[in-house]
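J.: Take these sequences, add in the hints, and give me the full structure.
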Amino acid sequence: MKNTHHFCGKQTISFVLDQIPYIVLFALILWNCLFTKNFFNIATLWNASFQCASTVIVSMGMMLVIATGGIDISAGALIACAGMLATLTMRQSSCILGVLAGLGTGLAGGFINGIFAGRFKVQPMIVTLSMMYIFKGAARLASGGSNVSTNTPVFNDLTYIRIGGAPIQLFLFLAVVAIMGFLVNKTTFGQRVFAVGDNARASEMAGIRSWLVILAVYMIAAFLTSFAALVEISMATGADPNNLGTGMELDAIAAVALGGTPMNGGRPRVMGTLAGVFILQIITIMINMNNVPYAYSLAITAAILVAALLLQRVKDRIA
Numbered sequence: 014m015k016n017t018h019h020f021c022g023k024q025t026i027s028f029v030l031d032q033i034p035y036i037v038l039f040a041l042i043l044w045n046c047l048f049t050k051n052f053f054n055i056a057t058l059w060n061a062s063f064q065c066a067s068t069v070i071v072s073m074g075m076m077l078v079i080a081t082g083g084i085d086i087s088a089g090a091l092i093a094c095a096g097m098l099a100t101l102t103m104r105q106s107s108c109i110l111g112v113l114a115g116l117g118t119g120l121a122g123g124f125i126n127g128i129f130a131g132r133f134k135v136q137p138m139i140v141t142l143s144m145m146y147i148f149k150g151a152a153r154l155a156s157g158g159s160n161v162s163t164n165t166p167v168f169n170d171l172t173y174i175r176i177g178g179a180p181i182q183l184f185l186f187l188a189v190v191a192i193m194g195f196l197v198n199k200t201t202f203g204q205r206v207f208a209v210g211d212n213a214r215a216s217e218m219a220g221i222r223s224w225l226v227i228l229a230v231y232m233i234a235a236f237l238t239s240f241a242a243l244v245e246i247s248m249a250t251g252a253d254p255n256n257l258g259t260g261m262e263l264d265a266i267a268a269v270a271l272g273g274t275p276m277n278g279g280r281p282r283v284m285g286t287l288a289g290v291f292i293l294q295i296i297t298i299m300i301n302m303n304n305v306p307y308a309y310s311l312a313i314t315a316a317i318l319v320a321a322l323l324l325q326r327v328k329d330r331i332a
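Residue 164 in the numbering used here sits at position 151 of the sequence shown; the count goes up by one each step and never skips.
Source of the hints: derived by calculation from the structure; they are not laboratory data.
Glycine included, every Cβ here is placed at the ideal spot set by N, Cα and C.
One or more of the hints may lead you astray.
[What the hints assert, rightly or not] What follows is a list of derived Cβ distance ranges for each label pair:
1) M284 x Y309: 23 to 31 Å
2) L113 x V305: 22 to 30 Å
3) L225 x A179: 21 to 29 Å
4) K199 x L225: 37 to 45 Å
5) V327 x L171: 26 to 34 Å
6) A315 x Q136: 36 to 44 Å
7) T25 x G178: 39 to 47 Å
8) M138 x A315: 36 to 44 Å
9) N160 x Y35: 34 to 42 Å
T.: Right, dumping it as structure tokens:
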């Protein structure tokens, strides 16, 4: 009986810790509704959706990578590279070929990351750091280091589409979240991602080819990142090789950590990651709307991130 109570107590504590991202998000929303002027406004919601769409999309892919025990610090540079190649192709050919060029760049980069990290067991940090430099260099070489406009009105106008007053970006990232939720929770592939992240050696003994799972995860992540690049260049009507995607990988990693996906591998948390992105976005909006220096936003984000990682350690010890 004592062991039963002890087990139930552990389950209760673990459940409460899993709800922390949503509690923090609710607290931030409540605080800003009470103390930030004009925060409780539908325009604020649409603006937040518009601004964080790319981060949500990249974070969903990053979540899968981290769930397998990996990391991808090349995501921001891939946005610059895929966005630039898509932009140049649109200028020289057609919108459709530009989109395919951007997505193809992502898949190729993800294949390289996945092969080296999965098949050849190279440290993911080293692999993706190398690819980060390659992507950055390719984006600058292709453009000569200058900004390039898409010069494709049809593509640029997509960013201004509204459905029921809501920006199209909201529906794009919700679709990605829904697909990722199904993939993670309802498919064999999702179970294999969890198994590989939880214990790669045990998963291989169970017949799972872990390197193929890792390859697939990196390719999915890179595909989503290149899709986010298309969203970015549509909103910006062009590509800047020096600034496009800068820091996006750090925001994505922070969102995944805040959302509760174990940083050393384990079960991916789709809704938690979405909550993590919203937490980061609301902090930024709160700082901007209250005319507070941006440095405070970084400090608040860092404090929340450290707290989230400490809570992960507590949860691991309880388990």
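J.: For each hint, tell me whether it holds in the structure or not.
T.: Taking the hints in turn, this is what the structure says about them:
For M284 and Y309, the hinted distance range of 23 to 31 Å is satisfied, since their beta carbons lie about 28 Å from each other. With their beta carbons about 43 Å apart, L113 and V305 fall outside the hinted range of 22 to 30 Å. The hinted window of 21 to 29 Å between L225 and A179 is violated, with their beta carbons roughly 38 Å apart. A hinted range of 37 to 45 Å for the beta carbons of K199 and L225 is inconsistent with their spacing of about 20 Å.
For the hinted restraint 26 to 34 Å between V327 and L171, the CB-CB distance of approximately 44 Å leaves it violated. Look at A315 against Q136: about 25 Å separates their beta carbons, and that is not inside 36 to 44 Å. For T25 paired with G178, a C-beta distance near 41 Å keeps the hint of 39 to 47 Å intact. For the pair M138 and A315, the beta carbons lie near 20 Å from each other, so the given range of 36 to 44 Å is not met.
Hint check: N160 to Y35, Cβ distance near 40 Å, so the stated range 34 to 42 Å holds.
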